[in-house]
Amino acid sequence: MLTFLARRLALGILVMWLVTVIVFIIFYIGPGSADVARALAGRDAPPSTVALIARRLLLDRPWYVQYGHFIWELLHGNLGFDYYHDEPVTTIVAQGIPITLSLIVGAAPIWLLIGVLTGMYSARHPRSFLDRSFTTFALAFYSTPTFVLGVLLILLLYYQLTIHGIALFPGSGFTPLTQNPFEWFRGLVLPWLTLALVAAATYTRLTRSSMLDVLGEDYVRTARAKGLSERRVVWRHALRAALTPILTQFGIDVGTLVGGTVITEQVFGLPGLGWTAVHSIEQQDLPVIIGIVIVASAAVVVANIVVDALYAFVDPRVRLH
Amino acid sequence: MALLEVLDLQVRFDTADGLVQAVRGVSFAVESGHTLGIVGESGSGKSVSTQAAFGFARGAHVSGRALFEGRDLLAMSDRELRAVRGARVGMIFQDPLTSLHPMYRVGWQIVEAIRAHDRSVTKRAARSRAIELMARVGIPQPERRVDDYPHQFSGGMRQRVMIAMAMALTPSLLIADEPTTALDPTVQAQILELLRELKEDFGTAIIMITHDLGVIAEIADDVVVLYAGKIMEEAAVRDLFYHYHHPYTEGLMASLPSTGVRRGELVPIDGQPPSPIDPLPGCPFAPRCRYATAECTIEAPQLLEIPGEPRHRSACVLPRERAARQALRETRFAPATRDMVLDR
Ligand SMILES: Nc1ncnc2c1ncn2[C@@H]1O[C@H](COP(=O)(O)OP(=O)(O)OP(=O)(O)O)[C@@H](O)[C@H]1O
Ligand code: SF4
Ligand SMILES: [Mg+2]
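Here the protein sequences come in this chain order: A and B.
Here this note's numbering is used: the first residue of the first sequence is 1, the next is one more, and so on.
Here this note's numbering is used: the first residue of the second sequence is 322, the next is one more, and so on.
Rather than coming from a laboratory, the hints here were simulated on the basis of the structure.
We put the beta carbon where it would ideally sit given N, CA and C, even for glycine.
Hints are supplied without guarantee of correctness; some may be wrong.
As the list claims (entries may be wrong) - Output of the computed footprint for chain A on chain B, the stretches with three or more beta carbons under 8 angstroms from beta carbons of chain A:
| id | region |
| --- | --- |
| 1 | 395 to 409 |
| 2 | 412 to 423 |
| 3 | 457 to 468 |
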């Protein structure tokens with residue numbers, strides 16, 4: 001078990017290193033790096049200012065010096081300073097993280113619950129009316145672009161309610177949990193729904209197919225042959241086995257979302273990581289982009305390790321290897 | 322009164338290809354403490370007929386009656402049926418690899434079987450009972466193995482765990498659906514020996530489902546030969562082996578590997594079983610039968626007594642008197658199959 005985790009950890013570190021290399025190549029070596037100093041200095045700046053900026057950012061040094069510097073700073077938890085306001089990138093990223101995490105923390109249980117419950121019902125009553133309805137809804141939400149769904153929710157649950165005097169949800173903005181938990185919750189309901197409804201579709205289908213497979217397994221027949229109640233057969237025996245692929249997907253989705261709630265954040269005006277990323281890309285603010293890419297990749301890598309550890313915990317057959 | 326009496330059981334499945342007639346009017350009985358063998362090729366309806374009787378054939382149309390300890394299983398509510406399953410009837414299946422839940426410890430699974438029908442048994446008591454049972458079915462070091470997972474056991478040991486679980490509440494009937502097919506021959510023999518012992522000790526009746534007449538010879542008292550969802554022949558085991566009547570049974574005998582067929586001359590039955598969709602009129606075995614005449618394809622022969630042999634019945638138009646039958650065989654075919662059977 002420990003060697004298993006150690007191997008996963010080593011693999012994770014390797015992946016992170018590759019991420020730094022790729023990020024470095026794309027941003028420092030690739031096209032655009034030469035323009036950075038120019039862009040930063042402003043359209044009318046004299047060449048001397050451009051050169052100064054380039055030197056300060058080590059843009060005039062050989063690539064290995066740049067990379068060495070980059071890694072060295074990274075290992076010290078230092079992601080550099082943003083090009084425009086000289087704010088530490090870590091500070092900027094740290095401001096976005098609670099918002100993005102709030103989004104994920106609320107949305108994940110919703111989609112997991114919706115997906116698993118509908119999927120389980122569908123698997124137990126295949127081709128029933130509700131099964132078909134769930135499948136249709138799942139497909140509809142799955143193929144709806146996030147921004148359409150978000151805008152639709154704003155239209156229905158914010159705009160329509162508000163003009164009728166029921167201001168249940170704010171249309172945008174974020175209140176930190178520590179400041180006012182109720183406002184925090186109120187402000188996040190619509191973004192949560194947006195994220196969750198799109199994601200739930202995957203879980204409905206995954207749970208349905210996984211449960212259908214498991215319900216046909218011999219050990220489920222054995223459970224019935226013991227005279228167990230149908231409830232126990234389904235929840236204790238079938239779900240336990242069907243859960244593995246669902247948990248895997250869940251862990252990876254949560255990890256991916258750390259850098260992937262871009263559109264929801266845009267639609268609802270939540271200045272999380274995705275929102276920050278879009279702004280820094282618009283402004284070519286390289287250190288911030290790199291910082292977010294690295295944080296997002298780290299989230300995916302960590303999620304994968306957690307999933308693997310969980311997998312070994314859930315399935316005894318994995319533990320031996 | 323018989324422990325289990327199945328009467329005119331019919332099982333049909335609606336499938337995309339059409340109506341599958343898996344079991345077509347099967348009747349049999351199992352006496353307390355006796356072993357009934359059900360033998361037949363793959364797809365003949367062996368599993369479906371027993372599973373349908375105990376309410377396992379999900380999505381099937383089942384008709385007929387299945388009287389177990391005097392009550393009709395097919396008329397029972399789910400709740401009543403659950404009270405029977407596990408407690409009065411235990412089941413073991415072909416593949417011990419997949420029949421145990423891979424994510425729960427074997428002890429947990431046996432304890433669950435014990436407590437499913439009696440919540441008043443404490444976990445601790447159920448656990449010591451589980452260890453006892455594991456010892457009884459021949460699992461070494463049961464105190465230690467009780468906390469192992471199924472994948473830590475060999476196939477034979479897993480089947481022993483299944484048997485321990487099925488026998489946990491000393492049911493009056495054990496349904497063993499090809500319990501040795503997936504095991505290698507030495508282990509097969511050990512498992513059969515164990516079943517025979519348990520039957521002696523607990524007086525449990527057994528339904529042994531198999532496609533292997535060798536297994537039947539080892540353990541069965543009576544035999545039902547199924548083909549295409551119908552009973553072709555039924556008899557006490559000795560009668561079946563020495564005086565079988567039905568050409569399908571003859572074919573099964575000839576394909577027995579362990580008998581005296583000269584130097585491994587296996588004679589599988591030529592041809593394929595008929596499709597369970599739109600069965601032919603007449604004898605279902607006719608397309609593969611070397612005795613078939615025009616008469617056979619018109620009307621299905623009835624399952625009728627063989628004179629002078631109680632409980633021996635066959636669904637074939639061939640002469641019922643033994644001498645006439647023998648004469649027919651010898652005039653038409655070399656007597657190889659007869660010798661082979663008498664060698665046993
Ligand atoms: N759920 C089902 N849906 C449709 N057809 C089925 C179903 N279960 C069984 N059948 C059909 O019923 C027939 C009898 O199947 P059964 O499993 O009883 O055969 P068997 O004699 O046990 O064979 P085997 O030796 O392969 O286990 C087969 O033709 C099979 O295809
Ligand atoms: S009834 Fe005819 S076809 Fe059927 S087994 Fe007897 S001889 Fe063969
Ligand atoms: Mg079978």
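Consistency of the hints with the structure:
1. Residues of the region 395 to 409 of chain B with a Cβ under 8 angstroms from some Cβ of chain A number 7, which satisfies the need for three, so the listed coverage holds.
2. Residues of the region 412 to 423 of chain B with a Cβ under 8 angstroms from some Cβ of chain A number 8, which satisfies the need for three, so the listed coverage holds.
3. Proximity of the region 457 to 468 of chain B to chain A, defined as three or more residues with a beta carbon under 8 angstroms from a beta carbon of that chain, is not established by the 0 residues found.
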